[in-house]
Each structure stands twice: as structure tokens, then as C-alpha cells.
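Residue numbers (my numbering), protein chains in the order written: chain L, 375 to 637; chain Y, 33 to 451.
Hints are supplied without guarantee of correctness; some may be wrong.
Quick list of in silico lysine-lysine cross-link-like pairs, BS3-like style, CA-CA up to 27 angstroms [said to hold, decoys possible]:
#1 Lys-59(Y) <-> Lys-402(L)
#2 Lys-413(Y) <-> Lys-390(Y)
#3 Lys-390(Y) <-> Lys-410(L)
#4 Lys-606(L) <-> Lys-353(Y)
#5 Lys-59(Y) <-> Lys-407(L)
#6 Lys-359(Y) <-> Lys-606(L)
#7 Lys-390(Y) <-> Lys-402(L)
#8 Lys-373(Y) <-> Lys-406(L)
#9 Lys-373(Y) <-> Lys-407(L)
#10 Lys-418(Y) <-> Lys-406(L)
#11 Lys-128(Y) <-> Lys-277(Y)
#12 Lys-373(Y) <-> Lys-410(L)
#13 Lys-406(L) <-> Lys-59(Y)
#14 Lys-415(L) <-> Lys-373(Y)
#15 Lys-402(L) <-> Lys-418(Y)
#16 Lys-128(Y) <-> Lys-402(L)
#17 Lys-353(Y) <-> Lys-376(L)
Looking from chain L toward chain Y, a few residues come up when the C-beta cut is under 8 angstroms (computed) [said to hold, decoys possible]:
#18 Ala-413
#19 Ala-417
#20 Arg-493
#21 Val-495
#22 Leu-497
Hints were generated in silico from the structure; no laboratory data involved.
The beta carbon of each residue, even a glycine, is placed where N, CA and C say it ideally should be.
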Amino acid sequence: MKRSDFSLSDSPAIDQVGVEERISRFTKRSIKKESKMTALKMALSMVDLTTLEAKDTPGKVKQLCTKAMHPHSIFPDIPSVAAVCVYPNLVRVAKTTLQGSKVKVAAVATAFPSGMSTRKVKLEETKWAVGEGADEIDMVISRGHFLAGEYGFVYDEIAAVKEACGNAHLKVILETGELSTLDNVRRASDLAMHAGADFIKTSTGKIQPAATLPVTLVMLEAIRDFYYETGKQIGMKPAVELQQLNLHFNIWSCCAKHSVTTG
Amino acid sequence: MAKKQTKKTAAIKFDTDWTYAPAPESKDHIRLEEKYDLFIDGKFTPPSSGKYFETINPANEKKLAMVSDANEKDVDKAVSSARNAYDKYWSKMPAKERGKYIYRIARIMQERARELAVIETMDGGKAIRESRDVDVPLAASHFFYYAGWADKVKYAVPGASARPLGVAGQIIPWNFPLLMAAWKIAPALAAGNTVVLKPAETTPLTALKLAEIIRDADLPPGVVNIITGAGATGAALVNHPDINKIAFTGSTDVGKIIQKAIAGTNKKYTLELGGKAANIIFEDAPIDQAVEGVINGIFFNQGHVCCAGSRLFIQESIAAKVIRKLKDRMETLIVGDPLDKNTDIGAINSRMQADKIKQYLKIGVNEGGEMYQSSCSLPTKGFWCKPTILQMFLNHRELYKKKFSDLFWPFRHSERLKK
């Protein structure tokens, strides 16, 4: 969509109290037995197993890739995860290790996690990561510009990165922990989807709070509305720590009941 | 605002391969008698007629217990026991002591909250999620709250000194059986009155459980009397000469009858009658949350709420979008076994009520209303209604002219609004 055809004034307002009330309904659902098993397996098959530390080494990435392909050696019917997510300089290691498996390689780019760099550098990095073999690019939006109301800047940046991605999928990280309000989360979601995101993702994992249920719900509703408007189904990626199992379940039931693809 | 072309897209599919597994609340721990007598003068006493009637579970039409049918004689016994308790104990007791008894009721209610919630759901059809999280805790809260008022009410109004009226006759509806009993009994006791309460004939069980609690709380005999029966029992209570006050929550029609019956007497009254709320959505509203408000407004407690938001007015510019979102949301409502912890909408309270809803839906459709119901499947036994929207235009007034305001329905009537 052309930037001129898109207006943030079409984004509905979000009432935080209303969102929290809806969320409390989800958290009271009882998810057990087959529902629990199915949810666990489905969730696992959508996980991006991620290591984004300054101390990452080829060895650690190889180990992570093995885990991604075989989450559990005793239970072979446990599905492999969707992707392994690393910094661009480790893409090649991951790609080589994962060769022959269905697990994709995702790379963070665009001066992750802050996004504090020039567009030229961000596009270069994106192209380089794709050239190294990344199937997916996780970009971050320029939160400073977004919060300053420079929506056009953010839109153009996403569109440019999308172009630089070529055939690679683009995940747009909104970093909702820095967006202050749910109104902003909704606007950023609408903006990212119209600018070309294949997935919208809550957070980098470097900022607290990361994915929360209210944020996830607002993003899912944006995805649903976008689908009705354009026929295009955008993916949802809540970035949550694996240990927070209950949160996973709640997000899961929230997603399942909105019939939106999760990642 | 730039108008966007809305492309035709396939509707969202809701029959995903992931569903909630059944999660029924256990009913092993509840105690229900085969047969309930009348709670008069602190004891369970058989009805003088010897007549009992069935109370059933509206979700499967199975009998839960037999309940006494109180006649005029029983009403008279209950009223004189309340009068006696008022003269002998309750009016002589220091207010602080009254407060202690009311606290005690609240505490025991909390202790038996799970049992009360399950019985409320079985007898009335409402989802356990609601009886567990709303009805029972709120009912206990009311007793706690009014316990605190007992020794303060005297000083509440500057320049006036509040005093008890004497014996209160209280008649309550079936939509929030235990909560309504709490609303009525707790303030009456706190103010120093004694009580004869009649629960609705379709939902008497939690009131009878409350009678057990009141007995166990060791209230002086006759301070609270709970008698069961249908309209005739209520009429006998209203017309009893030794009643000082009638408190009624229920239909407008019955309210009018009560008002006529006590006109010219010294009886005081409170009537809380039918009324239906309207929701109005304008184009700048937070639409998804507005939709959620609409959903809660009408589908909470199967729409059996005197102020349920059963009418919806939408600004024309967003009408189609809001209706679509409502339909989507209705698809996700879980209708079925009220004891299942994931159920959103339980059973309609009684056959009579279910028939009435069907009848009004028919009227609406005959008048040109466009009806939409969610695709959920309903259990074969019991009384049910699918979540429904009836879209009409403003000139379809017949539905309102009928006894519309008294119908508790889980369907929503929506109109488009031109600004």
C-alpha cells in the first residue's frame, strides 16, 4: 500500500480498562488434557529459538540449532521449532547446521535492539543478513521517531527494509514496552502491516515489559481488522520467555480464539 | 477521514482444530436434601398443606429436590414468628450485637462458597464462572457490608434517627437468587427488622441453603423466615395485615399488582422492576472494547439482568463493522454445560422463560427484523437460546410495546443510528 493511502486516523482508539477486562476472561479459562497437549505442541512448533547475546559463539549457535531440530530425543513426536534466531554474523553458522531440516534461520537486523543508526546502515545490514542465508529478518522500528509523531519516517523505513529483504519474511518488532500506551501499540501495528510486515512482533526481549496479554490482544485485533480490510493474513509473534508457561497458554487461547496465525 | 475500499474477504473460520477440553466443576461436595420444608421460627417445618413441588436443573431438566408450597396458613405462621422475634429479641438487642450475627452469616457463606456456587448454577442455569466469581462472593460481601452498618445506621442521616419498621415481607426473582436474598435480608436485619423472604419458585435452593446458614449462625428463632412457593404464596405475604414493609424485585406487572394491593394500607414498599438499557456506539469509540461491553451487557447471566443492555444503537458509518465484530465475538462465546468452568452462557432459567424468548424472537422476525444467531450447537435437553442479534430499524416499535421490558433474553436488538 502506498503511504499516501494509509492514515493512522483509521486506527480505532483502545480503551485500556476494556482490554484488561477481556484479558481477565482469558486468564480464567481452564486449559487442560488434550487442549493442553495440543497447545504445547503447536506453540513449540511456532517457537523461534533465540540467542541474542554479545557473548554468542558459533559453538552456542550450533548447540541451539541441534536443540531446535530435536527438542527432545526420547519423545520423537515432539515437533521441531519454527526457526532459530541469531545476530547477522552468526547466520551462516546456523544455516549450515540446520541444512536439510525444516527449521528456518531468522536474523535480527536494523541495528537491533535499539535501531539507533542510519537507514543506509540498516538496509546494508538487512541485505547482508539475507545474503548470508537468513530466511526471516526481525527488524526494530525507530521508536524515537514513532513517539515523536514522525509516522511517515517509520513507514518509509519499514517499506525500505521490506524491499531489502527480497524473498525473506519480514518481522517488525514494535518494542511495545517503549510505546507507553495501547493506542500507540494499535497505531504501530497498523502502520507496520500497511508498510509491508509479514509478522508483527511485540518485543526485542531486551526491554521490560516484553509481551503482555493486553498488548498481544491489541495486536491480534489489529491483525484481524487488517485481514478483513485487505484479505492478507499477518502473523503474530509474542516474544515471551519460555519459562512463562501460563502466559504462553493464555496467549495461546487468546490467539486460537481469534483464529490468527501465531509465530 | 479517508474512506478505504473494503475488499471482500473470506470470513474468519472459528472451527479451529483447537478447543477447550471439558472442565466441569465437581459437584461431589454439595449436600442437597430430597425434600425441603419451610424455614419458620428457626426450624424447618413441613407445609400445612403437605404439598411439595419440584425444582429442576434447567440445563438437563432433572429434578434436584422437592420444595414446600407454602399457603396462607404457613405465611401467617411465618409472619407471626417474625413479629414475635421482632418484639422479643431483635428490637431489644443492641445494634452492635445484631451486627455480630450478620457478620457470622457472611463468614459461613464464605466458608460454603463453593457449595453455594455449584447449587446456584445447578438450580438456575447460570455459568459457574459467574456464580463462583460474582453471585456468591458479592452476596457474602453484602452481609459483611451491612454488618458494619448495624450500629451506625441510627446516625446515618443528620437530624433524623433511623428506626426499624418491624416485619419485612420480601419477594425476590430468579435471576440472582442468592445475591437477591442477600440484598434484601442483610440491610433489613442491619436496620433492626425481622424478615419473611420468599424466593422464586424456579430457584429456591440457595435461599434454603441460606436458611441452613442462618440456623447455623444461631440467629434468634424467627428473625429470618424463608418460605417457598409460587405467586399465591407471594400474594398471601403481600396481603398479610401484620407486615410493615414489602420489598419486591421482579416484573413490572407483578410490581403493579403489589402496589395496588397495598394502596391505602400503612405498609411501606420498595419495588425494583424491569428496565432495559440501551448502548450507543459512535464512530470515534474504541470499537473492540465497545463490542466487548455490548457482549457483557447482554450475555452476562444469559441476559437475565434487569438492566441488561438489550438495545444497541450504532452510528451508521460504523454500523456494518460493529455488527461484523459482534458476530465474530458471538462465535467465540461458549454455550453449554453451566458447570463447565469455560462456559460463557449457561441455560435459560426455565421452560417458561425459554418459550417467552422464542415467542419474542418470532415477533421480531415477523416485524422485519433480521436475525442472526451464532453457529454453536445446543444440548438436546434443557432450555437454551443461541446468542442472537436482531437487526431492526427504528420504526419497529411493536416489540417494545409488548411487555418487552420484563423479558430477560440473551439476544440483542440493534438499530442503526443516523447522527
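Hint-by-hint comparison with the structure:
At roughly 19 angstroms between alpha-carbon atoms, Lys-59(Y) and Lys-402(L) fall within 27 angstroms of each other, so this suggested pair holds. About 16 angstroms separates the Cα atoms of Lys-413(Y) and Lys-390(Y), which keeps this hinted pair within 27 angstroms; it holds. Annotation: proposed proximity of Lys-390(Y) to Lys-410(L) is violated, straight-line Cα distance about 38 angstroms (limit 27 angstroms). The suggested pairing of Lys-606(L) with Lys-353(Y) holds, with an alpha-carbon distance near 18 angstroms, which does not exceed 27 angstroms.
Taken as a hint, the Lys-59(Y) and Lys-407(L) pair is honoured in the structure, with Cα atoms around 20 angstroms apart against an allowance of 27 angstroms. Between Lys-359(Y) and Lys-606(L) the alpha-carbon distance is near 21 angstroms, which keeps this suggested pair within the 27 angstroms criterion. For the proposed pair Lys-390(Y) and Lys-402(L), the alpha carbon gap of about 32 angstroms is over 27 angstroms, so the pair is violated. Proposed proximity of Lys-373(Y) and Lys-406(L) is supported: the alpha carbons are some 11 angstroms apart, at most 27 angstroms.
Of the supplied pair hints, the one linking Lys-373(Y) and Lys-407(L) holds, its CA atoms being roughly 14 angstroms apart against a limit of 27 angstroms. A hinted pair counts as satisfied when its Cα atoms are at most 27 angstroms apart, and Lys-418(Y) with Lys-406(L) qualifies at roughly 26 angstroms. The suggested pairing of Lys-128(Y) with Lys-277(Y) holds, with an alpha-carbon distance near 23 angstroms, which does not exceed 27 angstroms. Only pairs whose Cα atoms come within 27 angstroms are accepted, and Lys-373(Y) paired with Lys-410(L) is accepted, the gap being roughly 15 angstroms.
Pair hint Lys-406(L) plus Lys-59(Y) holds up; C-alpha atoms about 19 angstroms apart against a cutoff of 27 angstroms. Proposed proximity of Lys-415(L) and Lys-373(Y) is supported: the alpha carbons are some 23 angstroms apart, at most 27 angstroms. With a CA separation close to 23 angstroms, the supplied pair Lys-402(L) and Lys-418(Y) stays within the 27 angstroms bound. For the given pair, Lys-128(Y) sits about 39 angstroms from Lys-402(L) by alpha-carbon distance, which is inconsistent with the 27 angstroms threshold.
A C-alpha spacing of about 24 angstroms is found between Lys-353(Y) and Lys-376(L), which places the hinted pair at or below 27 angstroms, so the restraint holds. For the restraint placing Ala-413(L) at the interface with chain Y, the shortest Cβ-Cβ distance is roughly 7 angstroms, inside the 8 angstroms limit, so the hint holds. Given hint, Ala-417(L) at the interface with chain Y, is violated; its Cβ is 11 angstroms from that chain's nearest Cβ, farther than 8 angstroms. Violation of the interface hint for Arg-493(L) is found here, the shortest Cβ-Cβ separation to chain Y being roughly 27 angstroms, above the 8 angstroms cut-off.
Annotation: Val-495(L) was flagged as interfacial toward chain Y, and the flag is violated, the nearest CB pair being 34 angstroms apart, outside 8 angstroms. Because the smallest distance between the Cβ of Leu-497(L) and any Cβ of chain Y comes to about 29 angstroms, over 8 angstroms, the interface hint for this residue is violated.
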